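Based on the sequences and whatever the hints tell you, model everything.
Taken in sequence, the protein lines are chains A and B.
The numbering of the first sequence is this note's numbering, which starts it at 1 and goes up by one.
The numbering of the second sequence is this note's numbering, which starts it at 1 and goes up by one.
Hints listed in this document are in silico derivations from the structure and should not be mistaken for laboratory results.
Every value quoted in this text rests on a predicted model; they were computed, and no experiment measured them.
Hints may contain errors.
Note that identical chains are pooled: a pair holds if it fits in a single copy or bridges any two copies.
[Said to hold, decoys possible] Computed list of lysine to aspartate or glutamate pairs in DMTMM-like fashion (alpha-carbon distance at most 20 Å, straight line):
#: 1; residue 1: 242; residue 2: 364
#: 2; residue 1: 437; residue 2: 535
#: 3; residue 1: 505; residue 2: 238
#: 4; residue 1: 505; residue 2: 190
#: 5; residue 1: 311; residue 2: 232
#: 6; residue 1: 311; residue 2: 288
#: 7; residue 1: 311; residue 2: 324
Number of protein chains: 2
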Amino acid sequence: MLHVKPSTLLTETHLSLLNTSFPIINIIYVYSSESSDIQIQCNSSTKKHPYSLMALTFCSTNSHHHHHHPLLPNSTKSTLYLHSTTQTPPQHHRHSGISLNIPSIISNLLHISTTRNSIPELLLTNSTNKQTPTSSPKESISSLQPELHGSANWSPLLNPLHPWLRREILKYGEFSQATYEAFDFDPFSEYCGSCLYNQSRLFEILGLTRHGYNVTKYIYAMSHVELPKWLERSLHADTWSKDSNWMGYVAVSDDAETRRIGCRDIVVAWRGTVSPSEWLEDLQGKLEPLGDHGETDAKVEHGFLSIYTSKSDTTRYNKSSASEQVMEEIKRLVAYYRGNGEEVSLTVTGHSLGGALALLNAHEAARSIPGLPVSVISFGAPRVGNEAFGDEIRDLGVKVLRVVVKQDMVPKLPGIFLNERIEKLEAVTGELEWVYKHVGLELNLNIKTSPYLKHGFDLAGFHNLETYLHLVDGYVSEQAGYRLNARRDGALVNKYSGMLRSELKIPVCWNQSANKGMVRNAYGRWVQLERAPEDIPSPHRDC
Amino acid sequence: MLHVKPSTLLTETHLSLLNTSFPIINIIYVYSSESSDIQIQCNSSTKKHPYSLMALTFCSTNSHHHHHHPLLPNSTKSTLYLHSTTQTPPQHHRHSGISLNIPSIISNLLHISTTRNSIPELLLTNSTNKQTPTSSPKESISSLQPELHGSANWSPLLNPLHPWLRREILKYGEFSQATYEAFDFDPFSEYCGSCLYNQSRLFEILGLTRHGYNVTKYIYAMSHVELPKWLERSLHADTWSKDSNWMGYVAVSDDAETRRIGCRDIVVAWRGTVSPSEWLEDLQGKLEPLGDHGETDAKVEHGFLSIYTSKSDTTRYNKSSASEQVMEEIKRLVAYYRGNGEEVSLTVTGHSLGGALALLNAHEAARSIPGLPVSVISFGAPRVGNEAFGDEIRDLGVKVLRVVVKQDMVPKLPGIFLNERIEKLEAVTGELEWVYKHVGLELNLNIKTSPYLKHGFDLAGFHNLETYLHLVDGYVSEQAGYRLNARRDGALVNKYSGMLRSELKIPVCWNQSANKGMVRNAYGRWVQLERAPEDIPSPHRDC
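Given below as structure tokens:
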């Protein structure tokens with residue numbers, strides 16, 4: 001039980017007190033359930049510990065609490081309990097609990113403001129003007145090529161953000177977004193977990209041909225580590241693959257784009273996961289040595305490593321691992337274009353879990369292809385490894401730009417307590433090799449800068465890649481607010497979330513297929529739409 | 001607090017014990033919330049009573065109850081509490097509560113079997129055969145016209161169900177279903193609450209032209225009685241109508257269909273509500289005299305009557321009431337076809353609330369148009385009025401066939417305690433005029449007969465009109481099971497519900513529009529699809 005005085009704002013310092021009874025606590029997140037209770041859960045990595053799951057429960061003392069959402073401003077006073085779920089829950093109505101202001105606690109923890117002004121009329125008009133282009137004109141940026149690719153750690157281009165760099169970040173962000181757009185999430189589909197379209201049609205169908213890249217290979221992954229909620233599976237017994245999911249793709253700039261940016265750019269885009277709360281629950285945050293033979297102190301999260309390196313002869317799509325698939329293709333492309341006498345660069349991108357895989361991929365590529373400029377542009381990525389892993393990344397010359405929304409919990413994971421900010425720990429334990437550490441440069445975005453976004457707590461909304469792209473599009477500098485001349489279509493924010501302010505009248509999570517893929521056949525019967533033969537995955541064609 | 005012995009099956013008799021402290025209890029329903037608790041709620045009609053809302057809460061004693069659905073067979077023992085929500089909730093873990101078997105209680109109350117056989121292979125094959133027609137051949141049925149229209153109360157045609165009558169019931173059921181299919185439920189649409197298509201295109205777009213009817217008029221309704229959750233409203237300030245909703249339509253058989261059935265058939269189809277739990281909460285079950293001047297003892301539920309009769313000069317669509325709109329059109333059609341020397345009949349149909357409105361409409365039509373054969377075919381309709389109202393319906397010669405699914409709660413409402421089964425009440429109170437009474441003949445369907453349907457508790461699924469139509473299509477007689485040669489497309493059951501067994505692999509509630517109506521315009525921006533000009537409602541054209 002955690003004792004705090006009335007009206008105390010809950011901070012990480014309070015939570016870290018848990019360490020006294022729970023040796024390693026490496027996951028913390030906040031969510032609101034259907035009921036009025038808000039829980040902050042901390043998993044101990046010691047699974048066998050009898051009190052391994054802890055919960056902070058904010059119980060509204062309002063008698064109508066079943067119809068009352070505690071994040072709303074009118075839910076004023078509440079009681080804070082800290083208990084293990086294996087213990088008896090507190091007796092809400094008898095307990096003379098400590099009164100706390102829930103909105104203040106949550107907003108303090110997550111840096112959310114609960115007060116705000118109304119949406120400026122100009123912006124509302126702006127956003128409802130539906131007859132303007134959604135992108136700025138393309139300019140030749142070859143004069144800045146090495147800098148835009150991070151050669152100097154992007155230092156002169158970030159504050160204020162150079163318009164050319166903003167445009168490049170959005171390009172890679174849309175390549176990452178494509179891995180979600182084209183993923184078959186439908187368990188009723190026999191191809192659930194695959195890409196909906198074959199690689200020659202992918203960019204055309206998603207409207208991304210304007211970026212001037214061609215997809216050259218699809219990447220599939222499996223995991224030997226049990227990671228529930230990670231793998232999407234078909235309900236059908238006879239499916240395209242029982243073990244693997246489509247995990248991303250390799251693409252390369254065409255001649256025109258190569259001229260524009262001044263370099264033949266190979267892109268690898270890694271798919272993440274849409275529901276952070278689900279896979280974060282399962283993310284044990286267990287560091288595992290990166291090398292097999294102890295040749296390095298580098299350690300990385302074992303779940304990420306498993307997805308990146310697992311393979312099995314009994315599978316159809318992972319007789320080779322994701323790592324082997326992607327490295328073979330990168331090496332092939334580098335050899336081919338270098339053979340043509342061209343300058344070649346590699347940019348690895350991904351959102352969330354995809355950002356973690358991007359870092360592993362960039363590390364491997366830089367180590368195995370000498371002289372190849374490698375950069376990572378990740379969005380909302382969690383920590384991946386320890387300090388030694390970060391040192392290796394830096395020593396290999398890999399440039400990492402981490403785009404991070406301040407309110408997003410995922411980049412705080414794993415290691416919310418044991419991370420790079422704990423400076424004294426090494427002196428105490430000498431075990432800094434077991435502490436997670438972020439790598440590279442951070443471009444820090446803030447939900448509060450955008451007048452289009454709701455500021456209320458929304459775990460999935462803060463983490464959504466379209467929220468990130470919206471904020472990148474409006475970003476000017478650390479000090480400035482959202483730029484008024486941003487052109488990206490704001491409606492996209494609500495494609496997979498409900499982050500847009502309701503005044504904008506854009507439906508929430510509007511991405512959905514007509515009739516969930518049911519179509520009426522010639523006999524008048526409703527049946528599942530069959531996938532076009534050219535889009536059916538094939539292990540011979542795809543990998 | 002209700003005291004029952006361990007393993008007692010909860011029945012209406014138990015619940016009626018509540019009457020001792022709560023004089024009139026007129027609503028009861030069972031629902032399962034997101035959490036594991038199952039609540040049976042009873043509203044007292046005395047709103048000011050301090051204990052007006054009662055709840056029976058089944059609390060799972062399973063420690064993992066947050067992840068545990070109590071209707072699943074493995075949730076064995078639970079505790080039954082009865083309490084007012086204004087009192088302190090019971091202390092779950094300390095209370096030595098009465099142990100009851102939840103599945104048995106619920107199944108007993110709702111006549112659901114919790115044990116069942118697996119789906120017969122033949123039926124599964126049958127249902128997955130997607131290359132068969134969805135309807136049986138049409139035959140001339142004019143030789144049985146008066147009987148099919150109910151002249152002899154359908155008595156020789158119901159047990160077993162005559163195939164011609166089954167086909168006619170399905171025809172009227174599809175006319176009722178059309179009022180849902182074509183209703184604009186989207187609050188982001190400025191035409192929310194209207195019909196999506198104009199009357200000349202309605203049947204064509206819904207695939208109903210095969211029935212051989214033409215729509216002649218749309219009916220709009222408003223309500224002076226506060227009925228929250230009844231009226232669908234647009235989020236837009238500038239909308240087609242702030243007060244009225246599209247409530248149904250009048251159609252008439254064409255020459256070919258008239259020859260086939262042997263009569264010029266006028267159909268009125270009334271729209272119901274999709275979420276029974278929502279409007280039932282608000283249904284106060286208050287009987288109101290039908291006539292203005294006390295010329296009759298007939299009383300009907302005041303909410304239904306308000307929707308049927310309300311009008312206001314300040315509205316665009318209800319300067320005349322639904323009653324006036326529909327009666328004017330019926331009279332016009334009857335006069336026109338009688339003027340041609342034709343036999344004319346009126347069939348009023350509707351589901352749920354629509355079935356209640358159908359009864360009011362049939363009553364009025366029979367009273368004001370002498371010699372017109374009037375019948376009602378309703379689906380899952382609640383009770384509408386008292387015994388005197390039922391007597392008037394019968395004396396007017398209106399034939400009523402109520403199609404009722406045994407497990408559906410809506411036909412048990414209003415008046416679950418005070419209904420036609422209370423025979424002794426009159427002797428005690430002399431107030432039978434305040435007791436609800438069903439009218440006409442019942443065709444009783446049973447979820448359990450269909451091998452395609454889940455048998456678990458599903459308030460919305462039991463009530464869904466597509467569930468009704470599926471059961472009508474398979475109905476043979478009171479004794480026989482589901483017929484194997486039923487042809488209606490089974491996938492339609494899941495269009496608005498999740499009643500189909502998962503082995504059939506049909507997505508749940510698959511009715512949805514592509515991207516919630518968002519489309520990409522010529523500038524690449526996602527915007528709300530605008531309605532075609534010819535489908536924009538107009539008070540001059542429509543009514």
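Hints, verified against the model:
1. 242 to 364: Answer is neither: 28 Å inside a copy and 62 Å across each miss the 20 Å cutoff.
2. 437 to 535: neither (40 Å within a copy, 59 Å between copies)
3. 505 to 238: between (42 Å within a copy, 13 Å between copies)
4. 505 to 190: between (35 Å within a copy, 11 Å between copies)
5. 311 to 232: Result: close within a single copy only, 17 Å intra versus 54 Å inter.
6. 311 to 288: Within one copy only: 18 Å inside, 73 Å across.
7. 311 to 324: within (9 Å within a copy, 73 Å between copies)
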